[in-house]
Every structure is written in C-alpha cells, then in structure tokens.
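Novice: Put together the whole structure using the sequences plus the hints.
In the order they appear, the protein sequences are chains L and W.
1 is the number of the first residue of the first sequence in the UniProt record's numbering; add one for each residue after it.
1 is the number of the first residue of the second sequence in the UniProt record's numbering; add one for each residue after it.
Careful, some of the hints might be misleading.
FRET-style restraints, in silico, Cβ to Cβ [said to hold, decoys possible]:
(1) 29(L) x 16(W): 55 to 61 Å
(2) 54(W) x 56(L): 42 to 48 Å
(3) 47(L) x 10(W): 41 to 47 Å
(4) 64(L) x 145(W): 32 to 38 Å
Not the full set, but computed from the structure, chain W residues with beta-carbon under 10 Å of chain L [what the hints assert, rightly or not]:
(5) 36
(6) 62
(7) 65
(8) 81
(9) 87
(10) 131
(11) 132
(12) 151
(13) 156
(14) 158
(15) 160
Derived, one-sided and incomplete: chain L residues facing chain W with beta-carbon distance under 7 Å [claimed, not checked]:
(16) 63
(17) 66
(18) 67
If you're looking for bench data, these hints aren't it; they were derived computationally from the structure.
Keep in mind that this is a model prediction, so the values were computed, not measured.
In this text, a Cβ means the ideal position worked out from N, Cα and C, and glycines have one as well.
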Amino acid sequence: MATPSSVPPSTMANLFPNFRDQEVQSAVKNLLAYSLVILIVPLASMFLLKQFFFEALLGFASNDALTYSAIIAVILVHVVLGIWLLAATKQEDRKKRENKQD
Amino acid sequence: MVVDQNAIDGIVSAEQAMYGPFFGSLGVTAAMAFAAAGSAYGTAKAGTGIASMAVARPDLVMKAIIPVVMAGIVAIYGLVVAVIVSGKVEPGGVNYTINSGFSQFAGGLVCGVCGLGAGYAIGIAGDAGVRALSQQPRMFVGMILILIFAEVLGLYGMIVALILGAT
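Specialist: Structure follows, in structure tokens:
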C-alpha cells in the first residue's frame with residue numbers, strides 16, 4: 001500500500017475516501033482477521049477433532065465422533081463470536097476515552 | 001390366536017424397505033438447503049443495511065457486521081446437521097429401517113426450517129439494528145440481544161435435529 005503521493009488521487013482515494021484514516025484501516029484489518037477466524041475455526045475443529053482426537057485418541061466410532069466434534073465446533077463458534085463482541089465493545093470504549101482526552 | 005408367519009415376515013421386510021435412505025437423504029438436503037436459504041436472506045437483508053449506514057460511519061463496520069456473522073452461524077448449524085445425518089444414511093436393511101429414514105428426514109427438516117426462520121429474523125432485526133447503530137451507538141447492546149434471541153431459535157432446531165438423527 002506504499003503508493004507515492006505523486007499518484008493522481010483517482011484510484012484508491014476514490015474507491016475508499018477514508019482508507020488512509022488510521023481508525024478505518026485498523027477496523028478493516030480487525031474485520032478481516034476475525035472473519036477468517038470465524039470461517040475456519042468451526043470447519044477445521046469439526047473435522048480435525050473427529051479425525052485426530054475422538055477417533056485416533058479416544059477410539060470412538062465414526063458416527064459418535066462426528067456428533068461430539070460437531071457439538072464442540074458449534075460451541076467454539078460461539079466462543080469466537082463472544083471474543084468478536086468483546087473486541088467490538090472495547091474498540092468503542094477506547095475511542096471514547098481518546099475523544100475525552102482531546 | 002393364530003400367528004401368520006407370512007404376515008410377520010411381510011411387515012419386517014416392509015420396515016426394511018429400500019426407499020428408507022431416500023428419506024434420510026432428503027433430510028440432509030432439507031437441513032442444508034433451508035438453513036442456507038435463511039442464512040442467505042439474513043446476510044442480504046443485513047448487508048443492505050450495513051451498506052447504507054457504513055457510508056457515514058465506516059469505523060463502525062466491526063460492530064455492524066455482526067448480524068452477517070450470526071446469519072453465517074445459522075448456516076453452520078445446517079451444515080453440521082447435514083454432515084452428521086449424511087454419515088448415518090446407508091442402504092435399507094436390518095440396520096436401517098424406514099423408522100431411521102423418517103426420523104432423519106424429520107431431523108433435517110426441523111433444523112432447516114428453524115434455520116430459515118432464524119435467518120429471516122436476523123436479517124430484518126439486523127437491518128433495522130445497524131441503521132439505528134449509526135445514529136445511536138448505545139443501541140449496540142440492544143441489537144446484540146435481539147440477534148442472540150433470534151439466533152437461539154436456530155440452535156433449538158439443531159438440538160432437536162441431533163436428538164432425532166442420533167436415534
């Protein structure tokens with residue numbers, strides 16, 4: 001994203017008027033990270049737990065292993081959602097404090 | 001009372017009918033398709049709200065995207081039930097009577113339709129919620145509570161589906 005200042009303000013600046021804004025940039029970065037996590041965590045945990053934990057370690061049958069790993073995956077999704085909510089709330093608090101200091 | 005062995009054999013073989021897996025597969029389809037439809041509606045409806053409020057407040061995107069995430073979780077419920085039920089479908093026989101097929105069909109349908117309703121509720125409440133959020137940031141907690149209550153409806157469906165499909 002190291003575009004020199006001589007570039008005419010037609011490309012990035014037109015698409016995202018606020019893209020240089022520090023706040024917007026950190027929000028977008030946070031959003032990308034959390035989105036990837038919430039997409040990958042349930043699917044990966046479901047199939048990896050089934051394969052490597054319930055079947056290999058505990059020796060469950062395939063059907064039982066799938067059911068238990070599915071329940072754990074759904075719980076994990078809600079944990080990630082809770083962390084997301086915490087992060088969103090904290091961001092707001094931090095912004096408020098900075099505004100007060102100004 | 002005279003027991004007719006032929007009649008008993010007929011009933012037993014009828015319970016192991018070859019169309020049993022058809023209903024099980026239909027349950028898999030219903031779970032995934034209806035849940036995905038609800039999730040898609042919720043994502044689209046909340047997405048239009050986010051698109052119109054984020055023009056003014058792009059810094060709120062982390063909060064405003066939560067209805068979309070919750071709609072996505074509804075689709076995960078459908079996916080989980082579909083994967084579990086599809087692992088249990090097998091050719092009709094002693095281990096797979098039409099009872100199994102019917103209960104899997106019911107499980108898939110209950111998860112799918114509950115997901116459809118939950119996604120619909122999340123879409124409408126999320127749309128209104130994110131528009132209100134741009135005007136009044138204190139609305140966030142209220143929006144989250146509404147969304148959680150909508151989301152839990154899909155979770156109920158998944159629990160019933162797991163109970164039905166596990167038998």
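Novice: Would you list, in rising numerical order, the hints stated earlier that this structure does not obey?
Specialist: Of the numbered hints given earlier, those the structure breaks are 5, 10, 11, 13 and 15, listed in rising order.
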